[in-house]
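Engineer: Chains as they are written, first to last, in numbering that gives the first Met the number 0: chain A, 0 to 266; chain B, 0 to 260.
Since the hints were derived computationally from the structure, they do not count as laboratory data. C-beta: ideal position from N, C-alpha, C; glycine also. Accuracy of the hints is not assured; some may be wrong.
[Stated by the list, open to error] Straight-line alpha carbon distances no greater than 20 Å define the calculated EDC-like cross-link-like pairs of lysine to aspartate or glutamate that follow:
{"#": "1", "chain 1": "A", "residue 1": "107", "chain 2": "A", "residue 2": "220"}
{"#": "2", "chain 1": "A", "residue 1": "243", "chain 2": "A", "residue 2": "63"}
{"#": "3", "chain 1": "A", "residue 1": "170", "chain 2": "A", "residue 2": "220"}
{"#": "4", "chain 1": "A", "residue 1": "237", "chain 2": "A", "residue 2": "102"}
{"#": "5", "chain 1": "A", "residue 1": "59", "chain 2": "A", "residue 2": "252"}
{"#": "6", "chain 1": "A", "residue 1": "60", "chain 2": "A", "residue 2": "235"}
{"#": "7", "chain 1": "A", "residue 1": "66", "chain 2": "A", "residue 2": "220"}
{"#": "8", "chain 1": "A", "residue 1": "237", "chain 2": "A", "residue 2": "73"}
{"#": "9", "chain 1": "A", "residue 1": "176", "chain 2": "B", "residue 2": "232"}
{"#": "10", "chain 1": "A", "residue 1": "234", "chain 2": "A", "residue 2": "102"}
{"#": "11", "chain 1": "A", "residue 1": "107", "chain 2": "B", "residue 2": "116"}
{"#": "12", "chain 1": "A", "residue 1": "162", "chain 2": "B", "residue 2": "116"}
{"#": "13", "chain 1": "A", "residue 1": "136", "chain 2": "B", "residue 2": "44"}
{"#": "14", "chain 1": "A", "residue 1": "136", "chain 2": "B", "residue 2": "119"}
{"#": "15", "chain 1": "A", "residue 1": "60", "chain 2": "A", "residue 2": "73"}
[What the hints assert, rightly or not] Facing chain A, a subset of chain B residues (Cβ under 8 Å, in silico):
{"#": "16", "residue": "13"}
{"#": "17", "residue": "124"}
{"#": "18", "residue": "128"}
{"#": "19", "residue": "130"}
{"#": "20", "residue": "206"}
{"#": "21", "residue": "216"}
[What the hints assert, rightly or not] Examples of chain B residues lying across from chain A (beta carbon under 8 Å, computed):
{"#": "22", "residue": "109"}
{"#": "23", "residue": "110"}
{"#": "24", "residue": "113"}
{"#": "25", "residue": "127"}
{"#": "26", "residue": "131"}
{"#": "27", "residue": "212"}
{"#": "28", "residue": "224"}
{"#": "29", "residue": "228"}
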Amino acid sequence: MKRLLTLAIAFVVVGSTCGGAGPATSSPTAAVAPSPSPAQVPLTGSITVFAGSSLTDAFKKAGDQLKVKNPGTDFTFNFGSSSTLATQIINLAPADVFASADEANMQKIVDAKLNDGTPAIFVSNRLQIAVAARNPKGIAGLADLARPGLIVVLPAPTVPAGKYALESLQKAGVTVKVASQEVDVRAVLNKVTLGEADAGIVYVTDVKSVGAKVTGVDIPEQHQVIARYPIAVVKETKNPRLAKAYVDYLLSDDGQRLLAEFGFSKP
Amino acid sequence: MRAARPPFAIAALAAIGVAFFALPLAGLIYRVSWQTALSDLFTEEALLALRLSLLVSIAATALGLLLGVPLAWIYARVAFPGRNVVRALTTLPMVLPPVVGGVALLVAFGRRGLVGEWLDAGFGLRIPFTTTATVMAATFVSMPFLVLTVEAGIRSIDHRYEEAARTLGASQWRIFRQVTLPLVAPSLFAGAVLCWARALGEFGATITFAGNLPGVTQTLPLAVYIAMETRPEVAIVLSLVLLLVSLGVLVALRDRYLRLD
Numbered sequence: 000m001k002r003l004l005t006l007a008i009a010f011v012v013v014g015s016t017c018g019g020a021g022p023a024t025s026s027p028t029a030a031v032a033p034s035p036s037p038a039q040v041p042l043t044g045s046i047t048v049f050a051g052s053s054l055t056d057a058f059k060k061a062g063d064q065l066k067v068k069n070p071g072t073d074f075t076f077n078f079g080s081s082s083t084l085a086t087q088i089i090n091l092a093p094a095d096v097f098a099s100a101d102e103a104n105m106q107k108i109v110d111a112k113l114n115d116g117t118p119a120i121f122v123s124n125r126l127q128i129a130v131a132a133r134n135p136k137g138i139a140g141l142a143d144l145a146r147p148g149l150i151v152v153l154p155a156p157t158v159p160a161g162k163y164a165l166e167s168l169q170k171a172g173v174t175v176k177v178a179s180q181e182v183d184v185r186a187v188l189n190k191v192t193l194g195e196a197d198a199g200i201v202y203v204t205d206v207k208s209v210g211a212k213v214t215g216v217d218i219p220e221q222h223q224v225i226a227r228y229p230i231a232v233v234k235e236t237k238n239p240r241l242a243k244a245y246v247d248y249l250l251s252d253d254g255q256r257l258l259a260e261f262g263f264s265k266p
Numbered sequence: 000m001r002a003a004r005p006p007f008a009i010a011a012l013a014a015i016g017v018a019f020f021a022l023p024l025a026g027l028i029y030r031v032s033w034q035t036a037l038s039d040l041f042t043e044e045a046l047l048a049l050r051l052s053l054l055v056s057i058a059a060t061a062l063g064l065l066l067g068v069p070l071a072w073i074y075a076r077v078a079f080p081g082r083n084v085v086r087a088l089t090t091l092p093m094v095l096p097p098v099v100g101g102v103a104l105l106v107a108f109g110r111r112g113l114v115g116e117w118l119d120a121g122f123g124l125r126i127p128f129t130t131t132a133t134v135m136a137a138t139f140v141s142m143p144f145l146v147l148t149v150e151a152g153i154r155s156i157d158h159r160y161e162e163a164a165r166t167l168g169a170s171q172w173r174i175f176r177q178v179t180l181p182l183v184a185p186s187l188f189a190g191a192v193l194c195w196a197r198a199l200g201e202f203g204a205t206i207t208f209a210g211n212l213p214g215v216t217q218t219l220p221l222a223v224y225i226a227m228e229t230r231p232e233v234a235i236v237l238s239l240v241l242l243l244v245s246l247g248v249l250v251a252l253r254d255r256y257l258r259l260d
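Isolated chain B, as found in the complex (with noise of 0.2 Å):
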């Protein structure tokens, strides 16, 4: 490609955009005790916090797994009727605000809720206030990034492929695991890794469904929301801590299989 000199107007708007986002972090960094900082980051509070965070993502990003890559699959793959109402409908928590995600879940699967009043009848199973339910709401919120990815990586393979394996005898489920997702690495790596980000961010749905404990349901966006309250300087570090990995994840991702080019 050949790197084009892009006309002031733009180059400056795109600088003001930049601004924009680099800015509060620039805030964040410039905003730390740099001398406390690494007494905040070990507090016991902190590391309950992260090492809750580190598991709860990871569950919910091996769950999305499980369930999304099938959906991805059919919705890619079979056309059936209300195929694009199904899909709206599980593509839903990217724009739903994670609070009402919450509201939802605790009204689904709460003590009094639609499945939940027959789940603790049934087996004495009580969702909120548990480890589970901080997986479920980080799934809810997280899994349509993957879903979507994994979708439009599917979408994008030579169909050819899967026929040269069909006229060969294969079967769909084989197709499936030895042609398919094999080509949909990039795009099924690239969609976990999403789904682990946003799970890793998740707060609305969280602090809803599951409440605020730690060391059960106490995330890291929810320990950052407490100590803000309190020790701001904490809520800083773990912020930033919480940032840079964010960061991280996305500038590798981008090299790596979301390149444009």
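For reference, chain A alone in the conformation it holds in the complex (with noise of 0.2 Å):
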């Protein structure tokens, strides 16, 4: 039994060694090219990118594009609510960047000191209105979801896109009585999309992955609450080059376009 123990614990240490070994295998290939400078040699190996799910699609696009460049490069993802992802990394998932929708879980790492280099904000995100599609009811600003008989949902107060959205409304003056909390705001776009909400408040980027189904109204430039996301390479990862070279993309002017392309604003 004990023995059989040892030799599975072996086995699994082995295995994850030859795991760790895999980019190194492809360095022949680097070998080829006329002799490169650190600098130039190509990026290889695969990251694990933690990231806000409001990032869900822009990042797939971003690690898309950097795959095409960098040949021998993967990227895999974990989206999620930002203080999950934070309580995972402080658990030590193997995260190797985390992009967080709001400044305060990026700051959990910072607290725990595992980030490498300080966070930088690459991006931000505006909210908008979400009511269904042509917008039926006539609603023309944050004033008209006091109307009585307007079924109107929230992110829940304890997600960052429901304490902006409360921001916000406190710097409309506007007092609304809430049908539901939601868990976070794809939840409160599914309300709207399916026509159980009249309309419930996220981030711009929500109303424009949806397409059609749902239309958005703008909230003034003075009611307005910026989200700021932070992103960093985590401390613990075991790529750092690659890590770096995603982040420095985002950050870059291609990859400042792609995330407009998603309907996010300049830092």
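Make the complex out of the two chains shown on their own, each in a separate frame, by following the hints.
Structural biologist: Here it is in structure tokens:
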């Protein structure tokens, strides 16, 4: 029994070192290139990016772009609520890059000294009122959300979007009778898409992501709350070069253009 | 029954099995911050959620008894074409991911739903985001437990008692009330408690169909999920309460009504 266990452990250890050596096996290809200086050594291997769920589509596309430019690289993603992701990273989940939808959750990583370098704000997001397609209830702004009989859902005040939505309503001096505090912006959007709610406050990027099923009503500048998204390489990364390359790409002009396509604003 | 001494391999695997279930509970107990446990438990949101959970789970059990007992009796006593299909249909929520159940309820009883649209237009009745929706979600996922338990109970009754009542001229309804029901009392009780425990723990269908609003639709499991985002210590205390209540119920039940010997 004990011997069996030892064998099993040995197997797991050998297996994982083999996995770790994976990128190294492709180094002969690197050697073929004419005398590469260290900076020009092609990027190889894979990283796992942990990112707030609002970044899902944009980050996948950014990964695809980098993969085309750097054959032999691979990107996997773990999307979720930023606070859940922060908890996972603090409990040493294998993350190489962390992008949070708010600064508070990035701060948790910084406090745990798990970041490599100062987190950079790489993008921002704005709030919008999501209403049914073509806006049948004629909702023109935040003040209309207080209309009696209107079913309004918001993200729960415990998630960043919910916090921002309340701040925005406060700035506009509007008190809303909320039907439900949904667990995340996605759930708010679903309730509007299904026609169960008349309106909800979500990010501009969320409205954009569902296309024609939902119409977005703008919130004027003075009532806006801007969500700032920080990104950082995680200290425990096994592939710091690729992790940094991913972050640098998002901060580059190309990366910013790509993010803008999905409705994100400049940091 | 003679107590057997289990072979080592069986005992070892069984011990791993127990550890698999006991360790998460131990983990929760280990993580509870005991200094603040009481104040965490007596926050307004926690008390609201606890009260709503009790109300909703009891209502769901009552509804389950009202609709589930007749259903169980028919499954056990009346042979009709397609019985297996109908029974499978009413048992489906046991294997369905609760979130899917919630979506199904929404497209049936929601404002744009199959029945909901008509309820809204005809009576101005809107179910989603109300406590009614919470009770419906809980009933949807928990009633199958009651139906299956009671059906098994009715099937195991000795037919002859009911036959004797019939030969004495009792009506079917009277036999059901005065012979069948008292005989299945233990399974009725067991089924009701299982149903209640499942209703108490219900999360997925509730959050999808009823939404989440403190005091109206935010039951204990929803409060745990929401608290996990910002105040994990509150979430852990609430989870522990939920776990201990359920554990107590299952222990009591096993001893008195689910005895296998």
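Engineer: If a hint holds in the structure, say so; if it does not, say that too.
Structural biologist: Results for each hint:
In summary, the hint linking residue 107/A to residue 220/A is not supported, as the alpha carbons are separated by about 30 Å, beyond the 20 Å threshold. This hinted pair checks out: residue 243/A and residue 63/A have alpha carbons roughly 16 Å apart, not beyond 20 Å. Between residue 170/A and residue 220/A, the direct Cα distance comes to roughly 11 Å. Compliance with the 20 Å bound is thereby established for this hinted pair. Restraint check for residue 237/A and residue 102/A: the C-alpha separation of about 25 Å exceeds 20 Å, so the hint is violated.
Between residue 59/A and residue 252/A the alpha-carbon distance is near 17 Å, which keeps this suggested pair within the 20 Å criterion. Restraint check: the Cα-Cα separation between residue 60/A and residue 235/A comes to about 25 Å, which exceeds 20 Å; the hinted pair is violated. Only pairs whose Cα atoms come within 20 Å are accepted, and residue 66/A paired with residue 220/A is rejected, the gap being roughly 38 Å. About 13 Å separates the Cα atoms of residue 237/A and residue 73/A, which keeps this hinted pair within 20 Å; it holds.
At roughly 29 Å between alpha-carbon atoms, residue 176/A and residue 232/B are farther apart than 20 Å, so this suggested pair is violated. Under the criterion of a C-alpha separation no larger than 20 Å, the hint pairing residue 234/A with residue 102/A is consistent with the structure, at around 18 Å. The straight-line distance between the Cα atoms of residue 107/A and residue 116/B is roughly 46 Å, outside the 20 Å bound, and the hint therefore fails. A hinted pair counts as satisfied when its Cα atoms are at most 20 Å apart, and residue 162/A with residue 116/B does not qualify at roughly 33 Å.
Note on residue 136/A and residue 44/B: the hinted pairing is violated, with a Cα-Cα distance of about 33 Å set against a maximum of 20 Å. In summary, the hint linking residue 136/A to residue 119/B is supported, as the alpha carbons are separated by about 17 Å, within the 20 Å threshold. For the given pair, residue 60/A sits about 12 Å from residue 73/A by alpha-carbon distance, which is consistent with the 20 Å threshold. Given the 8 Å rule on beta carbons, the hint for residue 13/B is violated: about 16 Å separates it from the nearest Cβ of chain A.
Annotation: residue 124/B was flagged as interfacial toward chain A, and the flag is violated, the nearest CB pair being 14 Å apart, outside 8 Å. Using the Cβ-Cβ criterion of 8 Å, the hint placing residue 128/B at the interface with chain A is satisfied: the shortest such distance is roughly 4 Å. The beta carbon of residue 130/B is not positioned within 8 Å of any beta carbon in chain A (closest approach about 12 Å), and the interface hint is therefore violated. Against a cut-off of 8 Å between C-beta atoms, the interface hint on residue 206/B holds, since the closest Cβ of chain A lies about 6 Å away.
For residue 216/B, the suggested interface contact is upheld, since its CB lies about 7 Å from the closest CB of chain A, less than 8 Å. A hinted interface residue such as residue 109/B counts as satisfied when its beta carbon comes closer than 8 Å to some beta carbon of chain A; here the least separation is about 5 Å, so the hint holds. Against a cut-off of 8 Å between C-beta atoms, the interface hint on residue 110/B holds, since the closest Cβ of chain A lies about 5 Å away. Of the supplied interface hints, the one on residue 113/B is violated, with its beta-carbon coming no nearer than about 13 Å to a beta-carbon of chain A, more than 8 Å.
Using the Cβ-Cβ criterion of 8 Å, the hint placing residue 127/B at the interface with chain A is satisfied: the shortest such distance is roughly 5 Å. Taken as an interface hint, residue 131/B does not check out: its beta carbon lies about 13 Å from the nearest beta carbon of chain A, beyond 8 Å. Checking residue 212/B against chain A by beta carbon gives a least distance of about 5 Å; that is within 8 Å, so the hint holds. For residue 224/B, the suggested interface contact is upheld, since its CB lies about 7 Å from the closest CB of chain A, less than 8 Å.
Nearest Cβ of chain A to the Cβ of residue 228/B: about 4 Å, under the 8 Å cut. The hint holds.
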